[in-house]
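From first to last, the protein sequence lines are chains A and B.
Residue numbers for the first sequence follow the UniProt record's numbering, beginning at 1 and rising by one.
Residue numbers for the second sequence follow the UniProt record's numbering, beginning at 1 and rising by one.
Because the hints were derived from the structure by calculation, they are not lab data.
Keep in mind that the hints are not guaranteed to be accurate.
Which copy is meant is left open, because identical chains are indistinguishable; a pair holds if it fits in one copy or across any two.
Listed below are the simulated DSSO-like cross-link pairs for lysine-lysine, each with C-alpha atoms no more than 27 Å apart in a straight line [what the hints assert, rightly or not]:
no. : residue 1 : residue 2
1   : Lys27     : Lys308
2   : Lys308    : Lys341
3   : Lys356    : Lys341
Take a look at the letters that make up each chain.
Number of protein chains: 2
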Amino acid sequence: MTVDNNAGRRHRVVIIGSGFGGLFAAKGLKRADVDVTLIAKTTHHLFQPLLYQVATGILSVGEIAPATRIILRKQRNTQVLLGDVVGIDLEKKTVTSKLLDWERVTTYDSLIVAAGAQQSYFGNDHFEAFAPGMKTVDDALELRGRILGAFEAAEVTTSEEERKRRLTFVVVGAGPTGVEVVGQIAELADRTLKGAFRSIDPTHARVILIEAASAVLPPMGPKLGLKAQRRLEKMGVEVKLNTMVTDVDYMGLTVKEDGEEHRIECAVKVWSAGVQASPLGKLIADQSDGTEVDRAGRVVVEPDLTVKGHPNVFVIGDLMSVPGVPGMAQGAIQGAVYATKQIKAELKGAQPADRKPFKYFNKGSMATVSRFSAVCQIGKIEFGGFLAWLAWLGLHLYYLVGSRNRIVAVYSWFITFLGRGRGQLAITERWVFARRALEQSRDQSAQKSIG
Amino acid sequence: MTVDNNAGRRHRVVIIGSGFGGLFAAKGLKRADVDVTLIAKTTHHLFQPLLYQVATGILSVGEIAPATRIILRKQRNTQVLLGDVVGIDLEKKTVTSKLLDWERVTTYDSLIVAAGAQQSYFGNDHFEAFAPGMKTVDDALELRGRILGAFEAAEVTTSEEERKRRLTFVVVGAGPTGVEVVGQIAELADRTLKGAFRSIDPTHARVILIEAASAVLPPMGPKLGLKAQRRLEKMGVEVKLNTMVTDVDYMGLTVKEDGEEHRIECAVKVWSAGVQASPLGKLIADQSDGTEVDRAGRVVVEPDLTVKGHPNVFVIGDLMSVPGVPGMAQGAIQGAVYATKQIKAELKGAQPADRKPFKYFNKGSMATVSRFSAVCQIGKIEFGGFLAWLAWLGLHLYYLVGSRNRIVAVYSWFITFLGRGRGQLAITERWVFARRALEQSRDQSAQKSIG
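Produce the complete structure using the sequences and hints provided.
Below you can see the structure in the form of structure tokens.
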């Protein structure tokens, strides 16, 4: 990398994305003699690990999605731009972003791509309208509307069959997000909504967790997985392992269990079964001889997290593929710290050839199952229950951005976990009941009846 | 009204609406020997006087829109149903509501219609896509997306003209809502967003309040109106009185001032210039000989708030037209208390003929202009400034539902008014920048170029 700030202008760093990778990359350049432009397609930094609490009415969007430009307001060397990145040119060193009708081309000397991943339906994209994922605040609000709307619709309908369908909730995928959201749907039904209906009893809702693998929380090992499973089952969640989803439609889903297909009629389906990296991964890899993307679309980076032939282009976070680094906040943050360290060192004369390879330090992982119960893995230490839940609480508070958000989150948890209230049960007209899914379902039926 | 609970079943009261009128009607029947069904088209009770704080990023939806069924959970004689009322039959005494594909018919002995009002564009309904009102949480979130999105777009664009347009904010109508939202847009630009951009200076935003009458806050009298106007002008708001809006489109609006038409190019337009009662008003009036609706569609009710010939059908809140009763929370609450009192008295043997006419007790009115400054009118006492603001603070806290919401609101006000932070600046992808307006504008241009 030639550092050309001797040409009278400062070294320009462009960062794509405002998640953990993008935000920590910007912060890592706080005191550096560079001009930073952070381009993201949302105006906020999303604290994704708590998104399920927005979907289930505990937190508001504000608490987990502070405005990126307010976080970085005092960092005078950094500009935040809203826009969809539609082009990256590794030769010309430009990033093209689009906002409404305007295209804007930004030139970089160093590029940090932290564009993240979205939900993957493994080629069955038509599942998406019926079973939204949990990746954006739009997803979370959509799911909040569907989950609470299902109870409302069950109260109104006079058909016993439809009532049962409305009160069946299915979460597909038993990773941390799946486990957390299924646990909160169960607690919402059993505690928060108890006694609030007259024709139905929300505590009779059927809550199902479906996983293709043979254990809950596969990456955390069989012991913690079993612990989480037992806890979920104690809460009344049906856990179906070794079960594949073969079709999803408006009325429910078809699953394959022990070699046989059968139907589960249900209104609310939540998809947390896999991720697909941003298409920017392939866009970059295609411009670099010898750089590939893996099956999930992640860029197989060099040991210094760059793409072959372009030591000034770092790919970090969920968009990078590095063996042993999970797609979690820790990986993204460490990648950001590593990339900005190299940039800063090279501004002071170091050479890209001298870079030491990126090394991931696994600080452990955790997942909450319900109030007062979590599972936690730190190195070889594994533990669950209340102690793990306290660890979860402390860690999430530490990483939430902004003291206001911490205080409101603690207060909201106090209300929900010690009491049974939830402060964010409001749903908008636009999001109530999956109007989109219903419309798509009608479109499909119409097409069928025409075709 | 024949009370037929001697026929072996309880007297049935149906309430339409979950605003101040509907909620207080339900609460008024808490201990009555009746079965209450409250039918509303949203799942929440909206505290509309604070909606402008959702639009400007101070409060989340949850704080001002608690779930109606949770508020009424312990009131065992009351069922809450979500649905759009699509029919009322005064002869058969039935209400037909619709939710998705299900219609449901509910029979009543007494009916309380509190279906409220929506924004009125005085026959120019095509203004709506470009200048949303402030009546629902959807409206408030739409406006939040537009207001914050306009600053984002101004930061990105390289056209000086477009930047100016993006940074021009127009509020139409100088009633309490208009004054409050225009004041908060000014404070958002001047305080919260100050220093958060690099290409634009948000404190240079042009904020305009347009009013057709000759004073700000017309119903509060010239003295308080002038006080509010002076305060707004001190904050940099341009107040244009005696100014009519003659057209609204994507790029801005056309106004008539001193007999001359001219354009104001602006991205964000907020409409708070008038209300139109729910169409249920006309639906009812058409079934009652001698009952009319006024120009705003409100039902001109009898002295006991019922419609002629149907002493069991009360119309209250923004849907009723009673001389001297403003379309505010107080009027709706007092109407609800009055109606439920008659129902309860008649259950114990009183006759409709004995009803004393409804009498409105004017507790006064108020509007905040900015932090630490409000105007307040209680009977003949008029005052403004900090004292009025404290009165505003106390009153709004008193009427907010739920201790959680009160605590979070106070904390949020502390952050925003003493500090300059706002906890709810997050906007969703769906709401960022008036995509709807842009699309409609394109549709219209396309039609023009075709036609």
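Violated constraints from the hint list, given by number and in increasing order: When the structure is compared with the hints, none of them turns out to be violated.
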